[in-house]
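First to last, the sequence lines map onto chains A and B. Position one of the first sequence corresponds to residue 8 (my numbering), numbered consecutively onward. Position one of the second sequence corresponds to residue 31 (my numbering), numbered consecutively onward.
Among these hints, one or two may not hold up.
[To be verified] The calculated label-pair distances, taken between Cβ atoms and stated as ranges, are:
no.	chain 1	residue 1	chain 2	residue 2	range
1	B	Ala-57	A	Pro-119	50 to 60 Å
2	B	Lys-84	A	Lys-176	15 to 25 Å
3	B	Gly-124	A	His-231	42 to 52 Å
4	A	Glu-261	B	Pro-309	50 to 60 Å
5	B	Gly-156	A	Glu-261	45 to 55 Å
6	A	Asp-145	B	Ala-157	54 to 64 Å
7	B	Val-225	A	Trp-67	47 to 57 Å
8	A	Ser-37	B	Ile-275	37 to 47 Å
9	B	Glu-154	A	Arg-59	46 to 56 Å
10	B	Asn-49	A	Glu-261	26 to 36 Å
11	B	Asn-49	A	Ser-148	32 to 42 Å
12	B	Arg-279	A	Gly-264	49 to 59 Å
It is worth saying that the hints were derived from the structure and are not from the lab. Predicted model, so just to flag it, every value in this text is computed and none were measured. In this text, a Cβ means the ideal position worked out from N, Cα and C, and glycines have one as well.
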Amino acid sequence: MISKTPLEELPAIARQIRIDILTMLTHAGSGHTGGSLSAVEILTVLYFVKMRHDPSNPQWPERDRFVLSKGHAAPALYTVLARCGYFNPEELMSLRKMGSILQGHPDMNTTPGVEISTGSLGQGLSIANGMALGLKLDKSSSRVYVLLGDGEVQEGQVWEAAMSAAHYKIDNLCALLDFNGLQIDGPVREIMNIEPLPDKWSAFGWDVCQVNGHDPIAILDALHRAEKVKGKPSLIICETVKGKGISFFENKVEYHGVSPTDKELEEALKELCG
Amino acid sequence: MRVKAEGSKETVKFLGTRNVYGEVLAALGDTYPQIVVLNADLSGSTQTELFHKKFPHRFFNMGIAEQDMIGTAAGLATVGKLPFVSTFAIFAAGKPWEQIRQSIANPGLNVKIVSTHGGITVGEDGASHQCLEDIGLMRIIPHMVVIVPADGIETRKVMSAIVEYKGPVYVRLSRIKFPVIFDEGYDFKISKGAVVRAGTDVTIVATGLMVSHSLTAAELLEEEGIAAQVINISTIKPIDQELIINASRTTGAVVTAEEHSIIGGLGSAVAEVLSEHSPTPMRRIGIKDQSGTSGSPAELLERYQLNPQHIITAVKEVLQQK
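Okay, chain A solo, but in the shape it has when bound (with noise of 0.2 Å):
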């Protein structure tokens, strides 16, 4: 099992996940930035401090499971997979290439560590709830955490699964959002309005709080908090900013699908680095 990374020592990680992320997306010359970006300091704490998983052994049966709803932020799982010990950091520039083990999307097939594959929105909460409800059938003691994006809230079949979750009881399921506020045509609100979040989850039955999604402290103290949530499942909605570390990024919508140029990778380096 991989052993707990000091507190002190998330900030370095997620600084080289970050340069990980826009070099890759560089490389690959297409792919998602801004919502990988938001992402960090969030899969950094499950994967680093939270989850019971073992990188040299990813099928583990004991393990916690993850899945990346919104799964066009592979890069930033991809990218803490790599740095964990799932499989050589090399591999990164391989992103999106023919032959990859990084498909554009997540393949549970072709990546070690990727739990199950993903990418058209709308369907990890669901799976995520049959994961929790298999194990809860095994006396497992492993949980099961899901990152689903703003925008994606929008698909349907989320809120069927938000109901699953409840009506199942499903407490070893910590869904996390990532509140970033923008999609690709524009900012969540203007597109598709899916606010109030927290009343209509907790309507839904769920337990519901809300944290600074890149402060590695607040969201550990959520993680452990919803562990202790009995009988019902439990939503963390992580307010992020899409772009988040490189200054001429953030908050952008036209960065939600667009690589680096090497320019701007060049710029970003220097803003992490400097």
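Put chain B on the given structure of chain A with help from the hints.
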């Protein structure tokens, strides 16, 4: 194997494919503790209530939410469960089609989707509930095995086979009871068709209820001096190419018969095989690019030209092309 044709002197026994499914599933639950069953508010109609009664903790009623049901089944499969998912064919193959493609078939997960109420013989519920497209919808998805049993006996054999098969499977069952064709000695293998009646003049390739209708048609054709071979293709994908090609070479004329659109189903699958490997004059019996309508199953089979008489007409047409 013993074959009884509908209309023969022997008394024809009827069995519901969905009834057999419910009984067999509940029985398999003992042998396979990893089986879990998911249903979308149709546990009575799909007969999965039998499993529910026996194994309440391994049964999940997902409410009227088929997309969530498919996703949940996918998740259960990733942790080693063997999910059987059941609802009406249109809500099993139609409504959550993209969820099946993305979350089950692309990753190749071991989920069995067993639908009931396939085809036009759903009857009085009408067009919304008569699924005439599911074979095509499922056949086009990579990794998906597609099976339509011809009777209750075959349904039982199919269940024993798919529970041992690793990977996604779609099975189509029906609302109405089918005449029993096979006896217990019948040996079902995934992707293997079966000659259920010998004949040298023409081959009728059928699936589901239409196997029984084709046997009746063949008996009547015999009285007119036409020897029709009847083949049961229960596994529509992967289809038994060898059997179909050999039959077409022997008889030189093929009629397909299915309770499904003539677009995308068995007729299309047979045409794909024959046009590439053994071009043969063909006719397709099926729903001719139409929506369904309310009526009794018998009325609908007549209206959509799925009765033995229509098969006979098609046989005579195709024989003129030989």
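Going down the list of hints, with the structure as the test:
1. Ala-57/B to Pro-119/A: 50 to 60 Å: violated (39 Å)
2. Lys-84/B to Lys-176/A: 15 to 25 Å: This hint holds: roughly 23 Å between Cβ atoms.
3. Gly-124/B to His-231/A: 42 to 52 Å: holds (43 Å)
4. Glu-261/A to Pro-309/B: 50 to 60 Å: With a Cβ separation near 54 Å, Glu-261/A and Pro-309/B satisfy 50 to 60 Å, so the hint holds.
5. Gly-156/B to Glu-261/A: 45 to 55 Å: holds (49 Å)
6. Asp-145/A to Ala-157/B: 54 to 64 Å: violated (43 Å)
7. Val-225/B to Trp-67/A: 47 to 57 Å: holds (50 Å)
8. Ser-37/A to Ile-275/B: 37 to 47 Å: holds (44 Å)
9. Glu-154/B to Arg-59/A: 46 to 56 Å: holds (54 Å)
10. Asn-49/B to Glu-261/A: 26 to 36 Å: Roughly 58 Å apart at Cβ, these two residues miss the hinted range, so it is violated.
11. Asn-49/B to Ser-148/A: 32 to 42 Å: holds (40 Å)
12. Arg-279/B to Gly-264/A: 49 to 59 Å: holds (53 Å)
In this structure, the earlier hints numbered 1, 6, 10 are contradicted, and the remaining ones agree with it.
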